[in-house]
Amino acid sequence: MNAKVTQTNPEGSAQKEAPKSEEKRRQMPRFFQVLLVPALAILTGFIIGAIVIAVSNDAVVAAFQNFFHAPGAALAATWRAIATAYGALFYGSFGSITEIFRGIQNYFATGDSKPLLLAIYPFTESLATVTPYILAGLAVAVGFKCGLFNIGAEGQFGIGALCSAFVGYSIHGLPWFIHLPLAILAGAAGGAIWGAIPGFLKGFTGAHEVVTTIMMNYISYRLSDWLLNGPMKATGYRPLTPVIEKSAMLPRFFPDPLRFNWGFILALAMAVFVYWFLFKTTLGFEIRSVGANPDGARYAGMNIVRNFVIAMTLSGALAGLAGTAQVLGIDHWVGQGFSAGYGFDSIAIALLGQSHPVGVVLAAFLWGTLRSGATSMQSLAGVPLEIISIIQGLVIVFVAAPAIIRWIYRIRTISTQTTVLTRGWGK
Amino acid sequence: MTTNLVHKNEKKNNLRTRLAAGILLLVAGLAIILLFGLHLKPGQLTTFGLTPQGDKNVIPIPDLVLPVQPAIYVLALVAFFVGGWQLARGIHSTGILAGVVAFCFVAAFLIWAARDNSMDLVGMMNTSLIRATPIALAAMCGVISERTAVINIGIEGIMLVSALASVMGATLLHNLYAGLLAGMLAGMIVAGLHAILCIKFKVDQIISGVAVNIIGTGATSFISNRYMQLNLEKINNSGVFPNIPIPLLVKIPILGPVVFENNIIVYIMLLLVVFLYVLLFYTRWGLRTRAVGEHPKAADTLGVNVYLTRYVNVILGGLIAGVGGAYFTIGSVGRFDKLMTAGKGFIGLAAMIFGNWNPIGALGSSLIFGFADSLQVKMQILKTPIPSEFLQMAPYIVTIIVLAGVVGRVHAPAADGAAYEKQ
Numbered sequence: 005m006n007a008k009v010t011q012t013n014p015e016g017s018a019q020k021e022a023p024k025s026e027e028k029r030r031q032m033p034r035f036f037q038v039l040l041v042p043a044l045a046i047l048t049g050f051i052i053g054a055i056v057i058a059v060s061n062d063a064v065v066a067a068f069q070n071f072f073h074a075p076g077a078a079l080a081a082t083w084r085a086i087a088t089a090y091g092a093l094f095y096g097s098f099g100s101i102t103e104i105f106r107g108i109q110n111y112f113a114t115g116d117s118k119p120l121l122l123a124i125y126p127f128t129e130s131l132a133t134v135t136p137y138i139l140a141g142l143a144v145a146v147g148f149k150c151g152l153f154n155i156g157a158e159g160q161f162g163i164g165a166l167c168s169a170f171v172g173y174s175i176h177g178l179p180w181f182i183h184l185p186l187a188i189l190a191g192a193a194g195g196a197i198w199g200a201i202p203g204f205l206k207g208f209t210g211a212h213e214v215v216t217t218i219m220m221n222y223i224s225y226r227l228s229d230w231l232l233n234g235p236m237k238a239t240g241y242r243p244l245t246p247v248i249e250k251s252a253m254l255p256r257f258f259p260d261p262l263r264f265n266w267g268f269i270l271a272l273a274m275a276v277f278v279y280w281f282l283f284k285t286t287l288g289f290e291i292r293s294v295g296a297n298p299d300g301a302r303y304a305g306m307n308i309v310r311n312f313v314i315a316m317t318l319s320g321a322l323a324g325l326a327g328t329a330q331v332l333g334i335d336h337w338v339g340q341g342f343s344a345g346y347g348f349d350s351i352a353i354a355l356l357g358q359s360h361p362v363g364v365v366l367a368a369f370l371w372g373t374l375r376s377g378a379t380s381m382q383s384l385a386g387v388p389l390e391i392i393s394i395i396q397g398l399v400i401v402f403v404a405a406p407a408i409i410r411w412i413y414r415i416r417t418i419s420t421q422t423t424v425l426t427r428g429w430g431k
Numbered sequence: 061m062t063t064n065l066v067h068k069n070e071k072k073n074n075l076r077t078r079l080a081a082g083i084l085l086l087v088a089g090l091a092i093i094l095l096f097g098l099h100l101k102p103g104q105l106t107t108f109g110l111t112p113q114g115d116k117n118v119i120p121i122p123d124l125v126l127p128v129q130p131a132i133y134v135l136a137l138v139a140f141f142v143g144g145w146q147l148a149r150g151i152h153s154t155g156i157l158a159g160v161v162a163f164c165f166v167a168a169f170l171i172w173a174a175r176d177n178s179m180d181l182v183g184m185m186n187t188s189l190i191r192a193t194p195i196a197l198a199a200m201c202g203v204i205s206e207r208t209a210v211i212n213i214g215i216e217g218i219m220l221v222s223a224l225a226s227v228m229g230a231t232l233l234h235n236l237y238a239g240l241l242a243g244m245l246a247g248m249i250v251a252g253l254h255a256i257l258c259i260k261f262k263v264d265q266i267i268s269g270v271a272v273n274i275i276g277t278g279a280t281s282f283i284s285n286r287y288m289q290l291n292l293e294k295i296n297n298s299g300v301f302p303n304i305p306i307p308l309l310v311k312i313p314i315l316g317p318v319v320f321e322n323n324i325i326v327y328i329m330l331l332l333v334v335f336l337y338v339l340l341f342y343t344r345w346g347l348r349t350r351a352v353g354e355h356p357k358a359a360d361t362l363g364v365n366v367y368l369t370r371y372v373n374v375i376l377g378g379l380i381a382g383v384g385g386a387y388f389t390i391g392s393v394g395r396f397d398k399l400m401t402a403g404k405g406f407i408g409l410a411a412m413i414f415g416n417w418n419p420i421g422a423l424g425s426s427l428i429f430g431f432a433d434s435l436q437v438k439m440q441i442l443k444t445p446i447p448s449e450f451l452q453m454a455p456y457i458v459t460i461i462v463l464a465g466v467v468g469r470v471h472a473p474a475a476d477g478a479a480y481e482k483q
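Protein chains in written order, with the working numbering: chain A, 5 to 431; chain B, 61 to 483.
You may find that some hints are simply not true.
Stated by the list, open to error - List time: in silico SDA-like cross-link candidates among lysine to any residue, alpha-carbon distance up to 25 Å:
(1) K260/B <-> R410/A
(2) K260/B <-> W345/B
(3) K398/B <-> S383/A
Said to hold, decoys possible - Distance windows between CB atoms, simulated:
(4) T286/A <-> A358/B: 32 to 42 Å
(5) L79/A <-> A358/B: 55 to 65 Å
(6) Q69/A <-> K357/B: 53 to 63 Å
(7) Y237/B <-> F72/A: 38 to 48 Å
(8) S174/A <-> I119/B: 39 to 49 Å
Stated by the list, open to error - Which chain A residues stay away from chain B? Per the calculated CB distances, all over 10 Å, these:
(9) V41
(10) F50
(11) A352
Derived by calculation from the structure, the hints in this document are not laboratory data. Cβ coordinates follow ideal geometry from the N, Cα and C atoms, glycine included.
Just need the whole structure built from these sequences, with the hints factored in.
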């Protein structure tokens, strides 16, 4: 077991502490190294998920009570249960490939695009689901890079959504190239303010960001309750905002039932931006230094307080953008309980993606497609969609503990070197 | 030279905190006047009920009737006095002063909100204590495991699993105490998994906690959807613990009906707070626990088994959180619904940090959140011109202000969050 070192240790002490056997490990291609553990982790997660599906299936349980008379039937029932569930999950996430092919053929033969659009609907819906996860995951990842644990992504998400919705529905008659950026900026600014407050408090008074962000979450729930029932309520019974103006909507790529939109491109662009910011700018270097070793950073003359504030502001802005992308691109209005669950999922995504922008995009992709496919698994195969949470939790465990994967698959070459993502309560 | 500089800096910091705290307290006094003191008609009265209605166990005492205007002015004066004192003299125990002013503020608010009306004060305090129970249990789970430097943010997941286990156990075995034991056991198992991941596999403790939460919520929601809601009578209908009035003690006015007439889980929580406090600070086990949390290497050198201590504490923490989980089902509603802990595990974490990793502090801050919860229910009944949502925000805002301005830095165990590598 070697010492925990950050992969991107700015002090360069990583090389010194790394053991010599590192050389041997390097012989395996790097991308293979990097991808092996997550791939096996996902596989293992799905295998355990399959066991849960089989055990909770009535037909399988009935067949197994008769196992000694008809072992074949029991195994067949097991296979059927698992195949139906995962088949429905895959269909819900990606659609059916044959249908897509038929749709393309049909399009070229007759010029009718409807069957094609129907065939790609599940996949585009997955991409639409992935969009806010990318942004929210990036938000938490930026915090981690500075040694800050932003539990408040949910609140920042909600405030961002409300701000962008307000700009979206209250201003009339602007051309889209002014209205849309304005709405996006409003969302980012709302999230940024909500994130900056804990950053300021942490920097100037030492108030712990975990507590303050949790408190900010609860404040945002109450605030949005009030706004949705009062000043921002549309006419009608339900606590909803009015639908935003056409000019503030993120344009969609396809005609209407397909909700895949430019928000996805925005999310990818932000991932590139975060990568550039963290790894190619001085400010990003400072933020990572503060995250890796605050005392060292202070000794080197960096302003810790300033870095805390900047990191939390950026983190909040990204979470706000996640809410914005959801409102402007997909829902077009905000309702109660709008942000529920995003805060937690974004922590998981940042952890799974090892706080690296590329990793976060991949993790968000996994998360969003599973979430999107789970609905059709529930309706088609009758498996409660919470099975997805079980699988996702297991994947996180296995990614975080390569030793377990190594032990299961008897692989010796997997690196046990782990990246430090969090700094405990951030002393 | 350097020491001199440090000394100077410290002095300057002290002065700054003192000034900030004093000004904050004065602002609180001003807020009392501005928010509650204006637009009052002379002669308005507020009645606080001090005896729960229809309760035969307690000795009835007369209601407390206060004239609104003078009462609020007196409270504001107290706040001004305390703030001025803080500015002038700079006493060290700012926490106590902040507590006094916070009390003035809350009292003024209640008097103002219930003007021309009566409010069941005892009932409200009792509700606060009951609502604080799962939060305090979650916080103590955090305290006991973090004192050995294992962060546990999976408390929410642990509580969900044990809530489910306890209602299932209680319904199947037709015994509520068996259910409580099942809940404790389930909590210990889940916490044990967290411990193995953190201690043996050296997984980042926060990652492990997040995974415990996700798997815990996922698994309980799955089981709930697949089984619990379908077979409500058979496995999801346990009944709840009855309230047990404690003889003699329940006769104490105010305190009796608030504290000594609750169900067993509330009593367990209160006993655990005292027990854990004594255990942590006055026994050998506590000393070792804290040593492992502050400096594991030193503890190891002196022959303390760091790994064993951590396992024991994290699993005991699971037991405590298991009691907290049982509260949600067999302690209050008698059935399991998915996501029924509703973030109480996280509030518990906040209470733990706010309470400075100390069981009694944790109870104190849990009571604040419990009070906020019970206020939320009351506010719908009382008429207030301020939207009730803003009043509900107040405790969270106060927590932030207190944490930032008055309490300042809390001190986590020094090694908190770090895996220990035996050499």
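Results of checking the hints against the structure:
Restraint check for K260/B and R410/A: satisfied, since their Cα atoms lie roughly 14 Å apart, inside the 25 Å limit. Restraint check for K260/B and W345/B: satisfied, since their Cα atoms lie roughly 22 Å apart, inside the 25 Å limit. At roughly 19 Å between alpha-carbon atoms, K398/B and S383/A fall within 25 Å of each other, so this suggested pair holds. At about 39 Å, the beta-carbon gap between T286/A and A358/B stays in the expected band of 32 to 42 Å.
Judged by the Cβ atoms, the range 55 to 65 Å given for L79/A and A358/B holds: they are separated by roughly 57 Å. A C-beta distance of roughly 55 Å is found between Q69/A and K357/B, which places it inside the suggested range of 53 to 63 Å. A hinted range of 38 to 48 Å for the beta carbons of Y237/B and F72/A is consistent with their spacing of about 40 Å. For S174/A and I119/B, the Cβ-Cβ distance of about 59 Å falls outside the hinted range of 39 to 49 Å, so the restraint is violated.
For V41/A, the condition that its CB be more than 10 Å from all CB atoms of chain B holds, with the nearest at approximately 13 Å. Taking the minimum C-beta to C-beta distance to chain B, about 14 Å, the non-interface status of F50/A holds against the 10 Å cut. With a cut of 10 Å on Cβ distances, A352/A falls inside the contact zone with chain B, its closest approach being about 6 Å.
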